[in-house]
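> Sequence:
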Amino acid sequence: MTGYGKSVLQLPTKKITIELKSLNSKNLDLNARMPSIYREKELAIRKILADKLVRGKIDFSIYVEATAEDTSSQINTPAVKQYIEQLRQVVDGDDMDLLKMAVRFPDALNTVREEIDETEWKAIQSEINNAIDELNSYRLNEGKVLEQDFNNRIVAIDEILEKVIAMDPERVEGVRERLLKGVDELREKYDENRFEQELVYYIEKFDITEEKVRLKNHLNYFTESINSEDSNGKKLGFISQEIGREINTIGSKSNYAPMQQLVVQMKDELEKIKEQLLNVL
Numbered sequence: 001m002t003g004y005g006k007s008v009l010q011l012p013t014k015k016i017t018i019e020l021k022s023l024n025s026k027n028l029d030l031n032a033r034m035p036s037i038y039r040e041k042e043l044a045i046r047k048i049l050a051d052k053l054v055r056g057k058i059d060f061s062i063y064v065e066a067t068a069e070d071t072s073s074q075i076n077t078p079a080v081k082q083y084i085e086q087l088r089q090v091v092d093g094d095d096m097d098l099l100k101m102a103v104r105f106p107d108a109l110n111t112v113r114e115e116i117d118e119t120e121w122k123a124i125q126s127e128i129n130n131a132i133d134e135l136n137s138y139r140l141n142e143g144k145v146l147e148q149d150f151n152n153r154i155v156a157i158d159e160i161l162e163k164v165i166a167m168d169p170e171r172v173e174g175v176r177e178r179l180l181k182g183v184d185e186l187r188e189k190y191d192e193n194r195f196e197q198e199l200v201y202y203i204e205k206f207d208i209t210e211e212k213v214r215l216k217n218h219l220n221y222f223t224e225s226i227n228s229e230d231s232n233g234k235k236l237g238f239i240s241q242e243i244g245r246e247i248n249t250i251g252s253k254s255n256y257a258p259m260q261q262l263v264v265q266m267k268d269e270l271e272k273i274k275e276q277l278l279n280v281l
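Read in full-length UniProt numbering, the sequence shown has 166 at position 166, and its numbers run on one by one without any break.
Read the hints as simulated data drawn from the structure, not as lab findings. Just so you know, these numbers come straight off a predicted model, no measurement behind them. Virtual Cβ for every residue (Gly too), placed ideally from N, Cα, C. Hints are not guaranteed to be accurate.
Claimed, not checked - Straight-line distance between alpha carbons at most 30 Å, and here's what the computed BS3-like set of lysine-lysine pairs gives:
hint : residue 1 : residue 2
1    : K41       : K21
2    : K26       : K41
3    : K57       : K234
Claimed, not checked - Computed spacing ranges between beta-carbons, pair by pair:
hint : residue 1 : residue 2 : range
4    : T77       : D97       : 11 to 21 Å
5    : K122      : E159      : 51 to 61 Å
6    : V155      : E177      : 30 to 40 Å
7    : S225      : L43       : 44 to 54 Å
With these hints in hand, go ahead and build the complete structure from the sequences.
Laid out in structure tokens, this is it:
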């Protein structure tokens, strides 16, 4: 969700620059900086940004640069004259020196509050939308790169899962052999039928058939979701959690070092996916 957008509006007396910066965040975190004249429009601006940007840590700024003579301050003539008269009673000096001192006193200048012209506001809205479009274009280009990376890693996990599936019969046989060897080393007589029943029960506890099927389904669902029009980062995050749950269960049930090594490889690929999911809207 990183991105940058900028738009410039040239008016007769000033130049207005609008900047948007976006960083990764699970939710919308909007920080707006603007001159006081535009504060009355802040809620409207926030709504525009929230509707179009959805998520991310957003920095929004409006910069104003005067390009013609224009001032919102006026000399308070009666107050300045009164200050000069009072100063004459305290100090000696010519009128220029007294004037320099008088204009430094409170209320020597009156600030006239500017009002936003409706035409100007509509022009600013248009430029805000232009900056948003530029930022979203930046996000879209980044998203295409991430999409390819996600697809590659999902394929990698799927390929490792196929190795797990191929290795499973060998793992089960290995578990059986270890149990038989352990019983033989006890050098005790035992009921072979009862032992076989217990062996089947023990092996069933370590069966990963359901986990393999569910993991395969989650991988397919992740791919389908990322290619759909309504794909979103939160949904992909939920699916990745389910993928992780199945991988962890396979690891805890495997009881077989070669398979556990494959599980570590799948976890590594999944963690890289999770790191990048914050970049997805």
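> Are the Cα atoms of K26 and K41 separated by 30 Å or less?
Roughly 26 Å between the alpha carbons, so the hint for K26 and K41 holds.
> Regarding the pair K41 and K21, is the alpha-carbon distance no greater than 30 Å?
20 Å, holds
> Does the Cβ-Cβ separation between V155 and E177 fall within 30 to 40 Å?
34 Å, holds
> Taking the Cβ atom of K122 and the Cβ atom of E159, is their distance within the range 51 to 61 Å?
55 Å, holds
> With 11 to 21 Å as the target window, see if T77 and D97 comply at their CB atoms.
18 Å, holds
> For the pair supplied as a hint, K57 and K234, is the alpha-carbon distance within the 30 Å limit?
Answer holds: K57 to K234 is near 16 Å, not above 30 Å.
> Confirm or reject the claim that S225 and L43 have a C-beta distance inside 44 to 54 Å.
34 Å, violated
When each numbered hint is compared with the structure, a violation occurs for hint 7 only.
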